[in-house]
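Chemist: Each chain, written out:
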Amino acid sequence: MNSIPSKAVLVDLYRRMTLIKQNDERFRATIKAGKLVAPYYSPRGQEVIPSAVSVNLRDTDYVCTIYRGIHDMLAKGVPMRQLWAEIAGKVTGTCKGKGGPMHITHPASGVMVTTGIVGSSMPIANGLALAAQIRGEDRVAVAYFGDGASNIGAFHESLNMAAVWKLPVVFVCQNNRYGEHTKYEASTAAKRISDRAAGYQMPGVTVDGNDPLPMYAAAREAVERARGGGGPTLIEAMTFRFHGHVFGDMDGYMGKGEKDAWIAKDPVPAFRAWLVQQGHAAEAGLAALEAEIETGIDEAVEFALSSAVPDVAELRRDIFAEELTA
Amino acid sequence: MSAAASATKPMNTIQSVNRALDDAMALDPNVILLGEDIGDEEEGGVVGVTRGLSSKYGKSRVRTTPISEQAIIGAAIGAAIVGMRPVAEIMLMNFTTVAMDMIVNHAAKLRFMSGGQTHVPITIRTMTGAGFGTGGQHADYLEAWFAHTPGIKVVAPSCPADAYGLMLSCIFDDDPCLFIENMPTYWNPGPAPVAGQRIPLGKAHVLRAGTDVTVVSYSRTIADCAAVAEKLAKEGIQVELIDLRTVAPYDAATVLESVARTRRAVIVHEAVKPFGVGAEISARINEELFGQLAARVERVGAHFSPVPFSKVLETEFVPTQARIEAAIRNTLR
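For the record, the sequence lines run as chains A and B. Position 96 of the first sequence, counted from 1, bears residue number 105 in my numbering, the numbering being contiguous throughout. Position 86 of the second sequence, counted from 1, bears residue number 120 in my numbering, the numbering being contiguous throughout.
Looking at chain A on its own, in the form it has when it is part of the complex (with noise of 0.2 angstroms):
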C-alpha cells in the first residue's frame, strides 16, 4: 500500500462518494416516486472509482463517460442543479434538457462527452489527448468505461491508436461483472481485462474498486504518468452496480446472494467508519457533510422539477450553427 493521502484529501474523497451515494438514492427514489420520467443506469456501488479517479484530477482534465455514468459526472464536479434538471428534462439542465440522463455534458467541469455507445467514450478521450498533445498542454484525458465495452473494436482501435501516438489517457473500465445481463465469463475471454494492455505495450493494472486507497493509488500514478507524458494506463476497478443494469432491472440473471454480498461491504459505510476509527475524520464533521448534500439535493431537486420545460423551436436549434428555418 501506497503512503496514505493527506486527511484532506480523504475527506475529499468521502464527500465525492458521498455525493454519489445520495444523488443516487433520490434519483431512485424520485423515479419510483413518478415525480421523475428517465431511463435511469444507477452508479450505486461503483462510487469509489471516479472518486479516487477524480480528486487526481484538475478542473481542466477531460472526462468522457457513458450512460451510466452519473457517478464520473458528481466527482468530476458537475453542478447538482443543472444535473438534475437535464435528467428532469427541463431548458435549466446542462443541455437544455435536449441530451437527457446519457448525454450529460459539462465543459465547465470538463464532462466533455457523455455517450449511450457502449465503446465510444474512448475513441473521443483520445482525441481530446490529442488536442492537449500538439497544444503543449498538460492536461489528461479520462475515459471510463464498463467491462462490455472492452469486447467492442472501439477499445482496441483506441488503445492501440493511444499507446502507439503515447496520449496522455487514462482508459478506466469500471468491471462491475456483467455487461447488461450477462456475466463477465460469458462474454469475455481474457482473464482480466487488464491483461490486454500488454497487447498495446501500455500498463495494466487490476484494481480493487471499492478500496478507496488502492483505487487512488493507481489513479494517481496513472494519472501522472499521462500528465508527465509517460503515455496512457488501463486501470481495471473491480466492482458491482448495486441496482443492476438499468432502473426497473430485476436481476433475474444474477446468481443467488451474489448482489446481497458486495451490498454487505457497501464501500460508502466501510470508507466512513474507516475514517472515523483511524481519526482522519470526526463524526460530527462527516454528518455535516452528508447534511449539506442531502440539502443541496433538496436544492437541485427542487430546482429541477420546478424549471421550465425547453420550447419546441429546440428542436430547429443546434442541429447545425445557424437555427433551421421552418
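It is possible that part of the hints are untrue.
Chain A is nowhere near these chain B residues, computed Cβ spacing over 12 angstroms in every case [to be verified]:
1) A60
2) D71
3) D74
4) G82
5) G165
6) W221
7) E291
8) R295
9) S316
10) R330
11) L347
12) E348
Okay, derived cross-link-like pairs now, DSBU-like style, lysine-lysine, Cα gap no bigger than 30 angstroms in a straight line [as the list claims (entries may be wrong)]:
13) B:K90 to A:K175
14) A:K99 to A:K44
15) B:K268 to B:K307
16) B:K265 to B:K237
17) A:K41 to A:K99
18) A:K175 to B:K93
To spell it out: a stretch of chain B is covered by chain A in this simulated footprint if at least three of its residues, at any positions, have a beta carbon under 8 angstroms from a beta carbon of chain A; those stretches are [as the list claims (entries may be wrong)]:
19) 94-102
20) 105-119
21) 129-139
22) 147-157
23) 180-194
To be clear, the hints were calculated from the coordinates, so they are not data collected in a lab. Quantities reported herein were computed from a predicted structural model and do not represent experimental measurements. All C-beta atoms in this analysis are idealised placements derived from N, C-alpha and C, irrespective of residue type, glycine included.
Please arrange chain B on chain A, whose structure you already have, making use of the hints.
Modeler: Chain B only, in chain A's frame:
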C-alpha cells in the same frame, strides 16, 4: 497565400485539395490532418492528396494513423470539441461504414445533445466513384445516408476549383462536413482556383442558364450532364444545369426557382436511384410546385446493384449520358 495557387495554369483535384489543406494549415494552427498513409513517409496518401504536408507542417499536425476508422474519427471529434479543426481522411467512402457510430451518433449529434455547449468542426475527406474496376466495396456513393442524418453537412465538388473553395469552407465551418472526392476524375485538369477564395456551403452553382428543363446534379455526373446539355443545345433545347455543390443541406431555393421557370426537372447522381438524393429533391419539387409542372420529375441514378467489376457492367451501372439524355427528352415530350 502561396504564389502557385494564384497562377492561372490548370490544376487537377489532387492538386487543388492539397492546396486547400496547405492554405488552411498555414492560416490556422488548429487545422490538423489525420488519416491512413497521409504522411510523406507513406507517400502522402494513396493518390498523393496530402503529399508534402507532413514535411511542411510536421508529423504532429499531419498524422498517419493506424487502419482504425473509429479511432480516426473519434480522435478528430475529441480534438474538435476543444477547438481544433481536424481534417480526417477516410480513404474510401465505403470505409465510412466502419466509423458510422462515430460519424452519425457522435460527430453529427453532439451539438444538439449537449444543448449547443460543444460542436464538432471536423471535415471528413473521402473518395469514391465507379470506373476503376474496384468492385462492390470501394466505389459506392453513400451520400444519402449522411444527408438523412441531422447535424452533418455533405459536400461533393465537381471540379478542381470548386474542390479548393469548398474544402476551405468545410474546414472553417463550425459543423461536421463530409467531403466527397471523385476518384476516377482526380487527375482531370480544370481552371485553377483563386487563392484563399472560399465557396459558400449550402449554395448551388448555376453552371448553365436555360429555359426548357432544369437538370440538378453534383460531383462526377456534372460533367456528363454538361456534355448532354451541350449536345441538346444544338437542337435548340436549353438546359439549365445546377451543380448543388453541397448535397446537404442543399440549396432548395435555387432549385425551386429554376424549376418554377422551366417547369421540368431531372435529377442526376451516381448513387443508386431508390431512396437517393434525387428522391428527396423530387419530393420537394412536388410539394412546392405541384400543378405548375409540365412533366413528371425524372431521376437518373445508378442501377440498384452493388458496384460491379466487369467493365461492361460497370459502364452500364452508372448514369450514362444516353440515360441522362433520355430522361431530359422524357420531360419534353
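Chemist: Run every hint past the structure and note whether it holds.
Modeler: Verification of the supplied hints:
1. A60: A60 (chain B) is indeed farther than 12 angstroms from all Cβ atoms of chain A, at 16 angstroms.
2. D71: holds (15 angstroms)
3. D74: It holds; D74 (chain B) is separated from chain A by about 18 angstroms at its closest Cβ, greater than 12 angstroms.
4. G82: holds (24 angstroms)
5. G165: holds (31 angstroms)
6. W221: Label holds. Min Cβ-Cβ 32 angstroms, cutoff 12 angstroms.
7. E291: Nearest chain A Cβ is 16 angstroms from E291 (chain B), so the label holds.
8. R295: Holds, because the least Cβ-Cβ distance between R295 (chain B) and chain A comes to about 23 angstroms, which exceeds 12 angstroms.
9. S316: The assertion about S316 (chain B) holds, with a minimum of 21 angstroms to chain A.
10. R330: With a cut-off of 12 angstroms, R330 (chain B) remains clear of chain A, as the shortest Cβ separation is near 28 angstroms.
11. L347: holds (33 angstroms)
12. E348: Non-interface label on E348 (chain B) holds, nearest chain A Cβ at 31 angstroms vs cutoff 12 angstroms.
13. B:K90 to A:K175: At roughly 23 angstroms apart (the allowed maximum being 30 angstroms), K175 (chain A) and K90 (chain B) satisfy the hint.
14. A:K99 to A:K44: Roughly 13 angstroms separates the two Cα atoms, so the pair holds.
15. B:K268 to B:K307: Cα-Cα ~29 angstroms, so holds.
16. B:K265 to B:K237: Within the cut-off at roughly 27 angstroms; holds.
17. A:K41 to A:K99: OK: K41 (chain A) and K99 (chain A) at ~19 angstroms, within 30 angstroms.
18. A:K175 to B:K93: Distance of about 14 angstroms is within 30 angstroms: holds.
19. 94-102: holds (count 6)
20. 105-119: holds (count 13)
21. 129-139: Satisfied; 3 residues make the cut.
22. 147-157: holds (count 7)
23. 180-194: It holds, with 3 qualifying residues against the three required.
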